[in-house]
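Trainee: As they're listed, the protein sequences go chains E and P. Mapping to the working numbering: the first sequence position 52 is 34, numbers consecutive. Count along the second sequence starting at 1, add 989, and that's the number in the working numbering.
Keep in mind that a hint or two might mislead.
Chain E is faced by these chain P residues, among others (derived, beta-carbon under 7 Å) [to be verified]:
#: 1; residue: 1005
#: 2; residue: 1009
#: 3; residue: 1022
#: 4; residue: 1074
#: 5; residue: 1076
#: 6; residue: 1085
#: 7; residue: 1113
#: 8; residue: 1132
#: 9; residue: 1213
#: 10; residue: 1226
#: 11; residue: 1266
#: 12; residue: 1267
#: 13; residue: 1269
Read the hints as simulated data drawn from the structure, not as lab findings. Every residue, glycine too, gets a C-beta built ideally from N, C-alpha and C.
If you want the building blocks of each chain, they are given just below.
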Amino acid sequence: MTTTTTRRTPPPAVAAPPRKRRGPTAGVVGRTLRYGLLLLFLLIVLMPAYVLVVTSFKSGSDIGVNGQWSLPEQWTTESWAKAWTALGPSFVRTFQLAIPVALISSLLGAANGFVLSRWRFPGADIVFTLILFGMFIPYQAVMVPLRDVVSTLGIAPGIPTLIFVHCVYGIPICTLIFRNYYATTVPVEMVEAAWVDGAGLLRTFRSIILPVSIPGFVVAVIWQFTSAWNDYLFAIFLSNTRNGPITIALNALAGAQSPDYAASMAGALITSLPTLVVYVFLGRWFIGGLMAGSVKS
Amino acid sequence: MLTRVRRWGPGLLLISPSLLLLGVFVYGLIGWTIKVSMSDRHSAAESDGFVGLSNYVDLFTNDINGRFLHSLRNLLIFTVVFLLGTMLLGLLWAFLLERGVRAEGLFRTVYLFPMAVSFVASGVVWRWLMNSGQGDDAGGLNAIFGQLNLDFLQNSWWTDPEWGMVAMAVPAIWQLSGYVMALFLAGFRGIPAELREAAAVDGASTFQLYRRVLFPQLTPVALSALIIVGHMSMKMFDLIMSVSGAQWLTEVPAVYVWQTLLTSDYAKASAISVILLLLVALVIVPYLVQTMRTERRS
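If we strip away everything but chain E, and leave its shape as in the complex, we get (with noise of 0.2 Å):
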């Protein structure tokens, strides 16, 4: 054991003088240069979204190598409709997509993470940690067989394909989410009051957890939405264009030999707006999906 290290110097024995107050200069150039670098990185953050939206307005003819970076000469809507044309189709089927994924694995997340967080039956520990490894693990490791295994199911390819998958493989993630918030949020007291006045776990569940749940939802709901929504993994090795997420048919009209810039920009817009707009309403819960993401509640 060694106490030099990490030990604060003990207290001396005549009471030490007040801290130094730096002068008030100090303060200020502390705060500009502190308002300054937030500026700074709030410029750069923002910068690609600048080029996207500027880009976006001009025509394809009018994105030569001088004015890349200024404002379009002539602002036209016409990249946005070609874009509009190339993805269409498969912005509707990703609202189909995405949806019920977010309802169906929420309502399996909210199940599990209530008998999880209320069950301590012996080894309970080892079978959550089995679940949690379900969300890390990269799907190359189970995509060779797992493209098999869906068409012998009968499941349609395309987007029911999409469903089931994002459904199994959010199991994790939202068991997390409601394990979590049951834990923290919801007092064991009104689970045992419930069952008290014997009700079963399945009437406690749907009449007493249920209705309090909403916040869990609303984080799940987000996650799962934004994950459907963002994928390409998946969608790549179980879809395609003519069937398959927004993700697949931007790549398409994006990964041309010689591509379109201005249509390509107005089409990466189009693909993140319905995300974006959930990350600028419900932010909040969006950020409690992340958290749980790191596992620690």
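For this one, chain E is given, so just place chain P on it according to the hints.
Mentor: Quick look at chain P alone, frame taken from chain E:
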């Protein structure tokens, strides 16, 4: 006993579909992938001759142009830069924000917004920004550097054969730094106020306060951030596919799997996947076990 069954039987019923699905689709399919990785199924035709570990050995010793080792090298460079970048920026942003500044919400919202966007969408703009043309052909960031007379900053970005992966990490840092900031900010806010007050009473300077009191308190948060971002880095696929497309220069194992599947070499694709899974498990499993232990103790 009967009451226990009656009380928890429905619970088991409630979670068993999920457990069954995960058992089959996570662990069952991983097992299946391991089996294929030890077979000689190198084409679309079924053939399940058992070849032991030879597909793995081939990846390390007998791959054309050392392709697999090349993808591991790319992944290593990418991961180091990505981790350094997100940790430094995330900590700096949290440090700038933690004592409360005006419009904190605005800064936080903007710093974190790239997390809401898919790599496929941001890849479109980063591909344009990281245009490798220089001088008169300069585009994207190189063009801005030219206009600002910072020509020495112009570079070939991800097309550089040696260090291209450093550039590839730039968009990833842009996307994930806000997440690390959010983790650190939660960490800062979780430190009890008494610790700061005690340090102030002891006459600690601001520098000492951070160095000796606050940063040590953030070690667990830093570890979580490293592990979460680190494992994301190992799985990196979307970003590379949309910025450069699948190609030799920027190939990492996750992309190599995809390329190999296109040629129907299932055995080889499975072997790469299993190695990728092992790499991820190496950092994630100890983290999960440790987290569960501390949770049980508290």
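Trainee: A separate judgement is required for each hint: does it hold in the structure or not?
Mentor: Going through the hints against the structure:
no., hint, result
1, 1005, "10 Å, violated"
2, 1009, "10 Å, violated"
3, 1022, "5 Å, holds"
4, 1074, "12 Å, violated"
5, 1076, "14 Å, violated"
6, 1085, "5 Å, holds"
7, 1113, "4 Å, holds"
8, 1132, "6 Å, holds"
9, 1213, "5 Å, holds"
10, 1226, "6 Å, holds"
11, 1266, "4 Å, holds"
12, 1267, "9 Å, violated"
13, 1269, "6 Å, holds"
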